[in-house]
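Undergrad: Listed here are the chains, written in short residue letters.
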Amino acid sequence: MFHSAEPFTARQIAMIEGTAQNVAHSAVLDLLEKLVREKNITRAFIARRLGRDPAQITRWLGSPGNWTLQTLGLLMAAMGHLPTIGAQSVESLGRSNYYNESADLARKSPPKPTIEVKSDPSSKPTTIDLPKRLAA
Amino acid sequence: MRDEMGREIRRQCEEGELVLVEPTIPCSQIRPIYMARKAYARVFGPSAEESARMGFLEADLRRFISGDKITVARGREKTCVLKPLSNVSEVWELRSRDPDPAIRVFGRFADKDVFIATNLEYRNLLFEIRSRFWAVQMGRCQTIWKRLFPYLEPHRGETSHDYVSNAVDLDHDVP
Chain A
1 MFHSAEPFTA RQIAMIEGTA QNVAHSAVLD LLEKLVREKN ITRAFIARRL
51 GRDPAQITRW LGSPGNWTLQ TLGLLMAAMG HLPTIGAQSV ESLGRSNYYN
101 ESADLARKSP PKPTIEVKSD PSSKPTTIDL PKRLAA
Chain B
1001 MRDEMGREIR RQCEEGELVL VEPTIPCSQI RPIYMARKAY ARVFGPSAEE
1051 SARMGFLEAD LRRFISGDKI TVARGREKTC VLKPLSNVSE VWELRSRDPD
1101 PAIRVFGRFA DKDVFIATNL EYRNLLFEIR SRFWAVQMGR CQTIWKRLFP
1151 YLEPHRGETS HDYVSNAVDL DHDVP
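Taken in sequence, the protein lines are chains A and B. As numbered in our numbering, the first sequence has no gaps in its residue numbers, which increase by one up to the final residue, 136. As numbered in our numbering, the second sequence has no gaps in its residue numbers, which increase by one up to the final residue, 1175.
Some hints here could point you the wrong way.
To be verified - Listed next, the in silico SDA-like pairs over lysine to any residue satisfying Cα-Cα at most 20 Å (straight line):
(1) K1078(B) x T58(A)
(2) K1038(B) x A106(A)
(3) K34(A) x D1169(B)
(4) K1069(B) x T58(A)
(5) K34(A) x K1069(B)
(6) K1069(B) x T84(A)
(7) K1112(B) x Y98(A)
(8) K1146(B) x S1089(B)
(9) K1069(B) x N66(A)
(10) K1069(B) x T42(A)
Note that these hints are calculated values from the structure, not bench results.
Turn these sequences into a full structure, and let the hints guide you.
TA: Now the structure itself:
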C-alpha cells in the first residue's frame, strides 16, 4: 500500500490515523511508567498541573480516543517532558530482534530437507531424508 | 506455550479455522493474535475492504501485536485497551473505542501474549454493561474456544502482567 502512487482508501487512511494515535499514546504510557517508578508521579499530580479533573486524566491515559497533538504535548509537559517527533520508513517496520515464536504456528511446517541419490547415472534417484545437522 | 496448545493452534491454522493477524502496516509479532475464521472475515474480508471503522480496528489490533505499551484494568476502569470480562470464564475484551461506534473483540489467552480472538461486536449493539447481549457474546467466545480447543483450558494468571507483557495496569501501576 505504501509503494504505489494510488490514493489511499478510506480504510487505509483510518489505519494510518489510528496507528499514529496509538504510537503517541504508547509513548505517553512509556514515560508515565518510568516516572511512576522514579518519581512517584500520580494521576492527581498531572491533573493538578493541567487544571483538569483527575477523571479526565484517567480517560486520557486509558486510551487515545479524541487525542490531539495538543493532548500529547500537555500530558508530557505535565510530566516535565516535551514530545519529539521522528519518522521511520515503512520498510524498516517489523524488523525487531525480538519476536514471539508462537506466531510461527500459523506458518506451514518447512519441508523435510532431503537429498536425491542415484546408484548409477541411468537409475531412478532415491530420496533420502537429511539429518538436521547436515541440512543446516 | 504448552506443547498441546501449540499443536492445536497449528492444526486449526492449517484447517483455516484460525488465522494469524498480520497487519497491513508491518510490525513485529510480539503479542500475536490468532482470529477465528468468521471474525477474521468481518475485519479483513471483502466486505470490510472499504470500511474506515475496520481500518481503525486494524490499527488497534496492530498496537497489541506490536508489543507497544497498552493499558489493562481488571476493576472498574472504563477506558483501558484490554480488560477481562470475567475472571471465572477467562473471557477478555480488546477494545477499539474510537471512533464511534466502538468495537469489542472477545477472546481468551492461549498463553501469555498469545490472544485467540473468537468473536467481535459493535459496542452499541451490546447496550448497557451486564445486559444479556454481553452474556451472549461471552457465551459465544466460550463456545468457539471449545470448538477450537475441546480439551484445553485457556491460560490463567494472577495479575494483568501474567497475561500481557509491556502493559500498564491502571488499577495497580499508576497511583
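Undergrad: A separate judgement is required for each hint: does it hold in the structure or not?
TA: Comparing the hints with the structure gives:
1. K1078(B) x T58(A): holds, 9 Å
2. K1038(B) x A106(A): Holds, at about 17 Å.
3. K34(A) x D1169(B): holds, 14 Å
4. K1069(B) x T58(A): Given pair K1069(B), T58(A) holds - Cα atoms ~16 Å apart, limit 20 Å.
5. K34(A) x K1069(B): Given that 20 Å is the threshold and the Cα spacing comes to 12 Å, the pair holds.
6. K1069(B) x T84(A): holds, 18 Å
7. K1112(B) x Y98(A): Satisfied, since the Cα-Cα distance of roughly 15 Å is no more than 20 Å.
8. K1146(B) x S1089(B): Satisfied, since the Cα-Cα distance of roughly 12 Å is no more than 20 Å.
9. K1069(B) x N66(A): holds, 19 Å
10. K1069(B) x T42(A): Holds, at about 18 Å.
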